[in-house]
Amino acid sequence: MPMLRHLALACLALALGACGKIWNDPYPASQARANVLYSAFSERPKHLDPARAYSSNETEIIGQIYEPPLQYSFLKRPYTLEPLTAQSLPRVRYYDKAGRELPADAPIGQIAESVYDITLKPGIYYQPHPAFAVDAHGRPRYLHLGAAGMAGRDSLADFHHSGTRELTTADYVYEIKRLADPAVASPIYSLMAQYILGLRRLGAQLEQARKNDPHGFIDLDRYALPGAQVTGRYSYRITLKGKYPQFLYWLAMPFFAPVPRVVDEFYRQSGMAQRNLSLDTQPVGTGAFMLTVNEPNRRMVLMRNPDFHAEFYPRHGMPGDVARGLLRDAGKRLPLLDGAVYSLEKENIPYWNKFLQGYYDVSGLSSDSFDQAVRFGGAGQAELAPAMRARGMQLITAVAPSIWYLGFNMQDPVVGGLDAKHRDLRQAISIALDYEQFIDIFLNGRGVPGQGPLPPGIYGYAPNAYDPWVYERRDGRIERRPLAYARALLARAGYPGGRNALSGQPLVLYFDTMASGPDARARLEWYRKQFARLGIQLVVRATDYNRFQDKMRRGNDQIFEWGWNADYPDPENFFFLLYGPNGKVKDGGENAANYANPEFDRLFEQMRYMDDGPARLALIDRMNAIVERDAPWVFAYYPKAFTLIQPWVYNVKPNFMANNTLKYRRIDPALRARLRAAWNHPVLWPLGALAAGLVLAVLPAWRAWRRRERQAAR
Amino acid sequence: MMRYLVKRLLYAVPILLGVNLLTFALFFVVNTPDDMARLQLGTKRVTPEAIARWKAEHGYDEPLFYNPKAAGVDKITDTLFARKSAAMFVFDFGRSDDGRDIGREIRTRMWPSLAIAVPVFVIGLAANISFALLMIFFRGTYLDWAGLALCILLMSISGLFYIIAGQFFIAKLWHLLPISGYSGGIHALRFILLPVLVSLAAGLGSGARWYRTLFQEEVGKDYVRTARAKGLSEVRVLFGHVLRNGLIPILTGAVAVLPLLFLGSLLTESFFGIPGLGSYTVDAIRAQDFAVVRAMVFLGSLLYIVGLMLTDISYALADPRVRLG
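Line by line, the protein sequences are chains X and U. No gaps in the numbering here: position 251 of the first sequence is 251 in our numbering, and each next residue is one more. With the second sequence counted from 1, adding 714 to any position gets you our numbering.
If you are wondering where the hints come from, they were derived from the structure by calculation, not from laboratory data. Source: prediction; values computed, not measured. Idealized CB from N, CA, C, for every residue including glycine. One or more of the hints may lead you astray.
[What the hints assert, rightly or not] Over 12 Å on every C-beta distance to chain U, these chain X residues come out as not near it, computed from the model: (1) T80; (2) P245; (3) A273; (4) V649.
[Claimed, not checked] The calculated lysine-lysine pairs, modelled on PhoX-like cross-linking and capped at a C-alpha distance of 20 Å, are: (5) U:K758 / X:K211; (6) U:K783 / X:K211; (7) U:K769 / U:K783; (8) U:K758 / X:K586.
[To be verified] According to the in silico footprint, chain X covers these stretches of chain U (three or more CB under 8 Å from chain X): (9) 744 to 758; (10) 864 to 871; (11) 888 to 897; (12) 976 to 988.
Pulled out of the complex, with its shape left as it was, chain X reads as follows (with noise of 0.2 Å):
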């Protein structure tokens, strides 16, 4: 009986499914051959709204939807920023402090103010939205609403009305006041306040403003800021404290990006937040998309802005981009996509099967899917399996901006210090740490081996330079330089095989991490293993995520791991990680390795003001070499991104300033729809199999019931 019902069951399904030819899609079959791309998210976006986003899984979401001033070029490498909603690239302008201008070279000593005008292309609209809608004497129609005007407004398809208005730079200015909001909270508040002048000053006003009212609007607009001031119909200006150059890098992200004050008001309004309306939830912009459907346990759906304004392809990319088929786009208008649908995924499993049967148009890859789609060719060289390339898929890679890096903290008395004796430590353990190993087995290769703070894509990277104290030219290839050396190294420190030359005692160092499972079991014994080819016994404190942080905020630590996303592609994103007032334990910075030396220090200072050109790759060749001889960090290696597209996927080109780089994408509806059915035929035999079982099994139990039933009383 339970087995036939669940056959019944198993039978309803399918006659459902089969209202559609393919049985498995997890779409609607009207969606079949929508010009929708279908990707999926591991972990909801808590953040949406532009002055708090900072994940990559939040931008990802908003840099559809908000456009800051500047965007960085889809197709040019090294990355290039270029206008989105600008007319150009703004030029910056020096003063001193007697406000006379100054030239653009003008000394860092002298310059007081820095000056960016910005200039909007005029005709750009917000996408629709309830916020716009007005009357019929023109006054917002959805504002001051209180309790009845919410009554059975449960989302924003219950607000009827809609409307949009031209982007003004007001917005820009209002979002600026915004970043320092108490109540909203942005991660860069407390940088900007350093450089946007009277920016601290509003946020000590604002703190007081919202000791009365927590969560309400604030009219933003009767609080002055100097340093962000609307000074046109389409211009407006940015004035910061001092010299700033790395500022133009933060005009293209989303912080940003304009909001308009209706909005705010609108979202503000009593009875929002628990309706779960508001700017974090339910963004405003003026992008190629406008996110339709947010429901982040389950999938979140973006549309096309039917007022985006007139954007196209670029014409121009990089050699070998027409041979990649990049350039095919060219001069179409954009968005190229009507949409595009993510779906919450948390499992890796459902995720990748999913992508195998078509239902996904992207995919990273996992380690439980590596080597069905990868295999490495005799040189080396990633390629996609067999199965794959049967398919019609390909594979893309790059090596992320990004550096994970085994730090030592520097005010420890064993790792730290800057002498010969302990730098000698430091980098016979950079040695004995094959990080190649490390790529091959816990990374799938899937990993560049570092050799200098800067990753590929940040300027000052040399492709061809190597860490001199880790790895030595042999045969014409660079190679780890060999145990032996590092052995010598480590005696030279006072620690010969691993034993303190005067106490005779084993070299115990601590390694702080907040790995766990049986993954991390395999890696953190990797490296006891390591540390133990010099004799060097690892102990290793796994901890969980508070205590790690305590201990680095204290300074309890010896040895750890960390990495670092780059935000911009400028070396000052990274070298600041390793400037001294930057320390942790002193500044409550950056700096977790804790490393002062007086002379990166001052190189830093000069550099992080250079405008690129010789002069400045000359100091950071110098700021390179003193921390590869200082070695507070093991450079551990760049991660390099491995992404599987569908066939019917096009402009897919690797960029990690960019997050709208959705526009540019296109599929081939058709060729997908053709794919999924060829791909996807139900397989019906088991069903008959089960039916046939079921029979089998339950018919000796049905004869031995009669025979009992009609069995005489003995």
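Chain U: place on chain X using the hints.
Here is chain U on its own, set in the frame of chain X:
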């Protein structure tokens, strides 16, 4: 019975208060508000100033249990515990650390959880009892032993295996159902069928074996012999008498879990992409979102109390000898 229910409901108040206090204490022994802020603010550029602002914005800048700066009774009420706990008793769960309304999240997420849990519970109960009664019917024969062996085999396999095998064979290899996903309305059927089938298969072994043990005990009793002596068929004896008398232990297990069906299943929902409540608490613990943890523990305790009350009521309904009071 009414008096009994009111008494039990009043007992629930101190229990819930105690659970809330314990959750609060345990959570803040492991995590400080600074830790929570750090986790929420991410890994980049988290300055002490940003932490202070986050705490102030989320109301975590107050003392936990005792406020020496306040006056009179405010010393107790003007604290994190009092402020965050009081609203719970009127089911105002507040907002999660990412700003979403928790009550709304629970209301939204409980339906997909129920869509899986209710059929699994109902069909599973029927299937397990029927299978157990069949084994009893054929007790001592090779069919009984085969059934028992099947139960032990099914019990010995990890729940995760059923999920992966179900997805592999039914969805990936035979393309009969979607691997994962969810949809509203009638379309949900296509997505819940596989998780329901998998959950039923995973629960059949232990369930049927447990009920078989119960019925085995009943079937040897005098009233069964009397029923047989009256000439009743074995089917009537089993379904009409043994099942009815075996209801008390069945109700003990089944009715108590009834309210907890709302809370969903972590593993099933995670693998099948069901947007239910199963992973809500676990995700919140990982993200150190105290507001959600507190709300879910409170709700779990409340549902458990309700479950126990329902069990007591069902005893009275199933067995006329039982009197509540």
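Cross-check of the supplied hints:
no.	hint	in the structure
1	T80	holds (24 Å)
2	P245	holds (18 Å)
3	A273	violated (7 Å)
4	V649	holds (20 Å)
5	U:K758 / X:K211	violated (27 Å)
6	U:K783 / X:K211	holds (17 Å)
7	U:K769 / U:K783	holds (18 Å)
8	U:K758 / X:K586	holds (17 Å)
9	744 to 758	holds (count 10)
10	864 to 871	violated (count 0)
11	888 to 897	holds (count 10)
12	976 to 988	holds (count 4)
Hint check: violations occur at hints 3, 5 and 10; the rest are consistent with the structure.
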